[in-house]
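Protein chains: 2
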Amino acid sequence: MSNTMRVIAVSKSKQDLRTFDYPAPAITKDNQVRIRTLDVGICGTDREICTYAYGEPPEGSDYLVLGHESLGEVIEVGADVKNLKVGDLVVPSVRRPCTEAHCKPCQADRQDYCSTAQYQERGIMSLDGYMAEYYVEEEKFLNLVPAELRDVAVLTEPLTIAEKGLQQVWQVQKRLPWACTELSKRPGHGLKAVVLGAGPIGILGTMALIVQGFETYVYSRSKAPNPKAELVESLGAKYISALEVTPEQLAEQIGNIDLIYEAVGTAELAFSVLPVLGVNGVFVFTGIPPEGEKVELLGSNLMRNLVLKNQAVIGTVNADKASFENAIADLGEFKCRWPKQLEAIITGRHTPDAYKELLQGKNTGIKNVIQFAK
Amino acid sequence: MSNTMRVIAVSKSKQDLRTFDYPAPAITKDNQVRIRTLDVGICGTDREICTYAYGEPPEGSDYLVLGHESLGEVIEVGADVKNLKVGDLVVPSVRRPCTEAHCKPCQADRQDYCSTAQYQERGIMSLDGYMAEYYVEEEKFLNLVPAELRDVAVLTEPLTIAEKGLQQVWQVQKRLPWACTELSKRPGHGLKAVVLGAGPIGILGTMALIVQGFETYVYSRSKAPNPKAELVESLGAKYISALEVTPEQLAEQIGNIDLIYEAVGTAELAFSVLPVLGVNGVFVFTGIPPEGEKVELLGSNLMRNLVLKNQAVIGTVNADKASFENAIADLGEFKCRWPKQLEAIITGRHTPDAYKELLQGKNTGIKNVIQFAK
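Listed in order, the protein sequences are those of chains R and Z. Read left to right, the first sequence gives residues 1 to 374 (our numbering). Read left to right, the second sequence gives residues 1001 to 1374 (our numbering).
Derived from the structure by calculation, the hints contain no laboratory data. Mixed in with the good hints there might be a few duds.
Label pairs and their computed distance ranges (CB to CB) [to be verified]:
(1) R:ALA322 - Z:THR1051: 47 to 55 angstroms
(2) R:PRO227 - Z:TYR1052: 40 to 48 angstroms
(3) Z:ALA1322 - R:ALA117: 48 to 56 angstroms
Cut-off 25 angstroms, straight-line C-alpha distance, at most; resulting in silico cross-link-like pairs (SDA-like, lysine to any residue) [said to hold, decoys possible]:
(4) Z:LYS1223 - Z:GLU1343
(5) Z:LYS1309 - R:LEU269
(6) R:LYS174 - Z:LYS1309
(7) R:LYS309 - Z:LYS1029
(8) Z:LYS1140 - R:ASP21
(9) Z:LYS1104 - R:TRP170
(10) R:LYS309 - Z:LYS1174
(11) R:LYS309 - Z:LYS1321
(12) Z:LYS1294 - R:GLN107
(13) Z:LYS1309 - Z:ALA1179
(14) Z:LYS1014 - Z:TYR1052
(15) R:LYS14 - R:ILE75
(16) Z:LYS1321 - Z:ILE1288
(17) Z:LYS1309 - R:GLY292
(18) Z:LYS1294 - R:PRO275
(19) Z:LYS1085 - Z:LYS1321
(20) R:LYS309 - Z:SER1272
(21) Z:LYS1294 - R:GLU293
(22) Z:LYS1185 - R:GLN171
(23) Z:LYS1192 - R:GLN107
(24) R:LYS309 - Z:PRO1290
(25) Z:LYS1104 - R:GLN253
(26) R:LYS140 - R:VAL74
(27) Z:LYS1029 - Z:PHE1141
(28) R:LYS374 - R:PHE141
(29) Z:LYS1014 - Z:PRO1058
(30) R:LYS140 - Z:LYS1174
(31) R:LYS223 - R:GLY361
(32) Z:LYS1374 - Z:ALA1147
(33) R:LYS14 - R:LYS356
Glycine included, C-beta positions come from ideal geometry on N, C-alpha and C.
I would like the entire structure built from these sequences, with the hints used as guidance.
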């Protein structure tokens, strides 16, 4: 192991994106694991950070090491590490408890519900991320990945968004005493879901919904045929273009819409579909759009719908350990059902040298990955 | 018993509100109960029906007998009636299963979640209501009321709205693994709630929230001092006028708002407060505003809040049997804690002769009641 490593880092204050040679990190506590980074996925949040609009560097630094969708290989374990060994593949979670861990959620290892807003997030908020050749992390923040998922496990983190969202949907729907529960493997059987958006979050969400038994529709801007439409249709979902079909027509075509899973990140499209949510339906928001976009709504009609149709709207961010474990299990299921489609989500594998184009250039393909090691 | 009875009925098609002498109903099935009406409360829905904007008469009739907030006395029981006897006080529920009872919710006796929209509602939708000297109903739709609650039990039905809403809040918040559950008698302990509106639904909701342990604020238009403000403050809630304090100032004053309970029925005020809902908070809509009111929202900020703060928004309508039972139990609790305030909600008791003024005149006081018998 060399004493230095290459990292990709960004500075909001200096409006700068560059690489550095950082000292390679070493284990300093017995519960830590040293990891060689294999793949790091790039997502909208990374690109937003690279417009210098979002993200915070660690205290005392101008630069934040990017990257939060990561797959790595264990290369050293501390004396107290129990369940990981050298050679294991791991996906780290992103959020860490609030600084003093004084909020109830963080104390319960549920920093995804942190109530102080003082949480930290690797690669996003006050902690360096995984666009580095090596990193060190506590065992409890690492999730073991079967070797068979080596080529797709970088998709774990984006899939956790759907896993956490669906976990909440079933918890919310416990209000319906006859609803299927998480005890069922196909709790969505007989129900209809609409996914908004056909990016990586939308496609992975579509896969998760189909596995849970939902009749699934993907509603997105681009006209078909297009590669994403073909991909989702090959999964068994129906692709519908928002340029060709209005939300009202969509609802007419589908019938009662039980679940809408927003993975499009713009308020306008999301709120245009909210009025067609069905009786006892749930709308899940996952996107974080830029601030300031105004939307004119028929507020009273929306309110009437919410009340008269017993609807629920939830927002979900970040994921807990169970959602990472469910995502890894689901990736295994996806790989059995749809090996080609799962691979097709990763439209580009690049060397770290390509970072500027990937982070600040035109957004192309579905999911781009930086390979730090093979 | 006379062979006829006086009823108060409305016709949308004839734009007419009047009284009739109807034949008094008799028991025709062994599971039925015959009831003498004592008190019937008047609410916004009744007044809306009397603008000829809402409500449907029974099939084959031009007129709908009004009234859905009712207290009555059992005067005859069918041969199969098990748990009610002559002299018992009862509050009937309102909604009945969809015509063919072919939806899953109605089959599970949860017509409050009816998914066909073909449910019927006494006094509102396709079934005559309780503004009649006598009525007949199946035992299973009647809820026994202790004699001690004779003077206030007409408030049961409006209180069920809060009971069903809170039932759902706790079911939704099961997504938070450390949250108190319905097993606790004070699941709101340590949490802060804002009630929008200080009408009967808002005041009864405030009482229910305080009993559950919430630190409770009532946010309503009228400037204090006013009788409703004095009433809610005497319960231990804090009254804040929306004319004097903006939603942003409200949030600054309160801190993290865990629950907002909308009981104001207008979209503008409701949506103006939604942006200040706190981390992991739930917003409960209960009002049914007139259609067509536009609201301009900062849609992307609302969406960011929903996602980044893990918020939930739910609408709730109608109530199940458990909510009626909980409302009756809570009325007993309220009567112990706040006997004067509970009585003060009923600001007027009137003879049936006053129906026109009460249903189509100026809306005065808090809760007006028509006394059909003493």
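Hints and how they fare:
{"no.": "1", "hint": "R:ALA322 - Z:THR1051: 47 to 55 angstroms", "result": "holds, 51 angstroms"}
{"no.": "2", "hint": "R:PRO227 - Z:TYR1052: 40 to 48 angstroms", "result": "violated, 55 angstroms"}
{"no.": "3", "hint": "Z:ALA1322 - R:ALA117: 48 to 56 angstroms", "result": "violated, 36 angstroms"}
{"no.": "4", "hint": "Z:LYS1223 - Z:GLU1343", "result": "holds, 23 angstroms"}
{"no.": "5", "hint": "Z:LYS1309 - R:LEU269", "result": "holds, 21 angstroms"}
{"no.": "6", "hint": "R:LYS174 - Z:LYS1309", "result": "holds, 21 angstroms"}
{"no.": "7", "hint": "R:LYS309 - Z:LYS1029", "result": "violated, 33 angstroms"}
{"no.": "8", "hint": "Z:LYS1140 - R:ASP21", "result": "violated, 75 angstroms"}
{"no.": "9", "hint": "Z:LYS1104 - R:TRP170", "result": "holds, 17 angstroms"}
{"no.": "10", "hint": "R:LYS309 - Z:LYS1174", "result": "holds, 21 angstroms"}
{"no.": "11", "hint": "R:LYS309 - Z:LYS1321", "result": "holds, 19 angstroms"}
{"no.": "12", "hint": "Z:LYS1294 - R:GLN107", "result": "violated, 43 angstroms"}
{"no.": "13", "hint": "Z:LYS1309 - Z:ALA1179", "result": "holds, 16 angstroms"}
{"no.": "14", "hint": "Z:LYS1014 - Z:TYR1052", "result": "holds, 9 angstroms"}
{"no.": "15", "hint": "R:LYS14 - R:ILE75", "result": "violated, 34 angstroms"}
{"no.": "16", "hint": "Z:LYS1321 - Z:ILE1288", "result": "holds, 22 angstroms"}
{"no.": "17", "hint": "Z:LYS1309 - R:GLY292", "result": "holds, 17 angstroms"}
{"no.": "18", "hint": "Z:LYS1294 - R:PRO275", "result": "holds, 13 angstroms"}
{"no.": "19", "hint": "Z:LYS1085 - Z:LYS1321", "result": "holds, 19 angstroms"}
{"no.": "20", "hint": "R:LYS309 - Z:SER1272", "result": "holds, 22 angstroms"}
{"no.": "21", "hint": "Z:LYS1294 - R:GLU293", "result": "holds, 17 angstroms"}
{"no.": "22", "hint": "Z:LYS1185 - R:GLN171", "result": "holds, 21 angstroms"}
{"no.": "23", "hint": "Z:LYS1192 - R:GLN107", "result": "holds, 21 angstroms"}
{"no.": "24", "hint": "R:LYS309 - Z:PRO1290", "result": "holds, 16 angstroms"}
{"no.": "25", "hint": "Z:LYS1104 - R:GLN253", "result": "holds, 22 angstroms"}
{"no.": "26", "hint": "R:LYS140 - R:VAL74", "result": "holds, 14 angstroms"}
{"no.": "27", "hint": "Z:LYS1029 - Z:PHE1141", "result": "holds, 14 angstroms"}
{"no.": "28", "hint": "R:LYS374 - R:PHE141", "result": "holds, 23 angstroms"}
{"no.": "29", "hint": "Z:LYS1014 - Z:PRO1058", "result": "holds, 15 angstroms"}
{"no.": "30", "hint": "R:LYS140 - Z:LYS1174", "result": "holds, 24 angstroms"}
{"no.": "31", "hint": "R:LYS223 - R:GLY361", "result": "holds, 24 angstroms"}
{"no.": "32", "hint": "Z:LYS1374 - Z:ALA1147", "result": "holds, 13 angstroms"}
{"no.": "33", "hint": "R:LYS14 - R:LYS356", "result": "holds, 16 angstroms"}
The structure fails to meet hints 2, 3, 7, 8, 12, 15 from the earlier list, while all remaining hints are met.
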